[in-house]
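S.K.: Here is what each chain is made of, one letter per residue.
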Amino acid sequence: MSLATVDVNEAQIAALGDPITGPSAFSGDFMRFWHLTFNIAKTQWKMRFFGSVLGYFWQLMRPLLLFGVLLVFWTVVAQINKAVPGPPGKYYAVQLLGAIVLFTFFQEATQGAVRAVVDSETLVRKIHFPRLAIPLASVMVALFNLVLNLVIELGFAVAMGVTPMWSWFQLPIIVAILVVLTTGVSMILSSLFVYFRDIQPIWEVVCQVLFYASPVLVPAILVQQHLNNPTLMKLYMLNPIAMLLEQFKHAVINHAVSGAAYYGGYGWVAISMVIVVVLLGLGYVIFSRMAPYVAENI
Amino acid sequence: MAEDLTDRELAVLVRDVSKTFVVPEEQRHTLKERMLHPRKKVNSRTFEALKDISFGVHKGEFFGIAGRNGSGKSTLLKCIAGIYRAQGQIYRVGSISTMIELGVGFNMDLAARDNVLLNGIMLGLSPKEARRQYDEVIDFAELHDFQDLKVKNYSSGMLVRLAFSTAIQVNADVMLVDEILAVGDANFQQKCFDVFNDMRDRGKTIVFVTHDMSALVKFCHRATLLEMGEMVCIGDPQEVADNYLELNFGRTPTGDSKDPDATQRPGDGDARVLEVWVEDETGERKEAVPQESRITLRVRVLFNVQVEHPAVSVYILNDEHKAVSVLNTQIWIEKTGVFEPGEEATFSFTFDNVLAPGRYSPMINLAHRGTGLDTMDQFDSSSTFVVSAVRPTGGLVDLLVDAGVTRGAPQLPAANPVKELNA
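Here the protein sequences line up with chains A and B, keeping their order.
Sequential numbering of the first sequence, starting at 1, is according to the working numbering.
Sequential numbering of the second sequence, starting at 1001, is according to the working numbering.
Please keep in mind that the hints were generated in silico from the structure rather than gathered at the bench.
Some clues are possibly wrong.
Covered stretches of chain A, going by a simulated chain B footprint (3 or more residues, C-beta under 8 Å) [stated by the list, open to error]:
hint	segment
1	10-24
2	33-39
3	126-137
4	287-295
As the structure is a prediction and not an experimental result, all values here were calculated from the model.
Idealized CB from N, CA, C, for every residue including glycine.
Take the sequences, apply the hints, and build the full model.
M.R.: Here you go:
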């Protein structure tokens, strides 16, 4: 028995097409990728509150409970709503709930994505599929929740006296930019977590900092009064989350609230959006570099 | 036996593929560890799981990959599947489906339906296809009455059936299968075999990793054997199976080990056994010989004094140290000759190897002419040989048998008629 190597000529090899390159972040077959991500997300979403009596309502209860606590503290105890006189201070409760809902999405998606790839170890080691589906499914689960929560938020806004406006059509754009940002960050985090397991606690702390560094509780106008420095204020608004939250409050709840472009003009908005795009690109590059080797490094 | 498909187009081509894993001696998974010792080099060694593997699988071929644990066969399959990135080139034609482990990604808290659909999509089906094939999957798994039950409440047999049915629904051109044939009860196993036979008949290309040599011989057109990440041989499954069994039983203490010191051995020492070995038909020394071949056992002896007509008996001991057979020169050659001091001689025994598969050690008794009790040397060889066979039957020997069936009562020979009692 001879140990024959394969006897093939170049023409035969050419007929075989390109050699495979191992696992990829994204297979190139968009429909397959979409179906996979969507179905993983759907299953996870079904699973998450499976068996609890209130079912999906828990999903709504979490931000609502946080909202209740914060609302009582900031309006009754700290009376922050009184600190913003005139029209910008109107509908503070609606603004607070909206900001919490949007920030919760970012937090939930990124914190879910951190562990996602490592937690899907058995899948990653045994099945060939586009790896990116895993962190993106985490983002999608959070997006399902966000949509439900936004329905509640809009209902609450109307109940509190906000009249529906044409500028509500900005909402999908705001959400889309937020999703892009979240996706980029999620890709970075989930690939780093394969190599550095302490990314998870670190990221939890970073999220806490971001929560207070964004105009969730404290309206941006109060931050501006406090900082009393236009440059610092522009830097504060460079945070894409801050920009999106302010634009959300401006477009959806109260036109009197200063929008995204109020503090630094459209140039600074553009820089902030560039940050979002760069994070997305960076996330994709890092994840793509990690994807071929993830099965052996978990 | 297996038809030759090697002139067909290639479906999978593996060219000079190697795979190296870096195995860190200590896992450093936290930033803190890296920050505290940024310059400390992580001690790691590389482990070559695959070395320069090259082979082609042709369209419609059933290709087997055999090998012992840790030989790299699953790694190779994962490289072909695209789960690992390997050095070298791997070409694939057509859609691919992998069955590396059954039930991967099954969610215990979901009902069969959700699991089957999600798993189908993970394996590459579109949601529409997955839904269309669902009934077929459930029917094949024989779980129609249990499809709304959460799979955590399934018995392990039910789970395995569901997993197998889910895995085979993907109608890919190339299937990569890792050791999952032996699942379920006898009835279901038969169904699985039928599925694989059916796939083979439909011209699917299947790459199949296994330990089970009877399945290898039964299903595969061609096969290869891996050992320590290298290809040992490629070709006829039967030969691969024989090689596998040789690897599995051979390579343990063999010629290198010290035979007991001659002076410690029983006997008067007028002659000493130097070595014992087994040869195959071509006269090549072997540690493993296939069953049903003609083999020769040779004993080399050195005479220290003049000896007339010595008798050599070989006890072929199995691994329970029972003599399966005793070969004695006195049966065949009464007068073996007169040997002078310092002369060497080799005694040979050639026989049809009907020994059951397993390990054997020859024990030699060298005696003066006569009863065989007047021992010159007793040599309990530490070198052993292995008999390889595809089918272990469980007996001590596997006789060469012509089996037959004849209908009706046995025909009695005319010369010996039944005695009529009344006559």
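S.K.: None of the hints should be skipped; say for each whether it holds.
M.R.: Checked hints:
no. : hint    : in the structure
1   : 10-24   : holds (count 11)
2   : 33-39   : holds (count 3)
3   : 126-137 : holds (count 4)
4   : 287-295 : holds (count 3)
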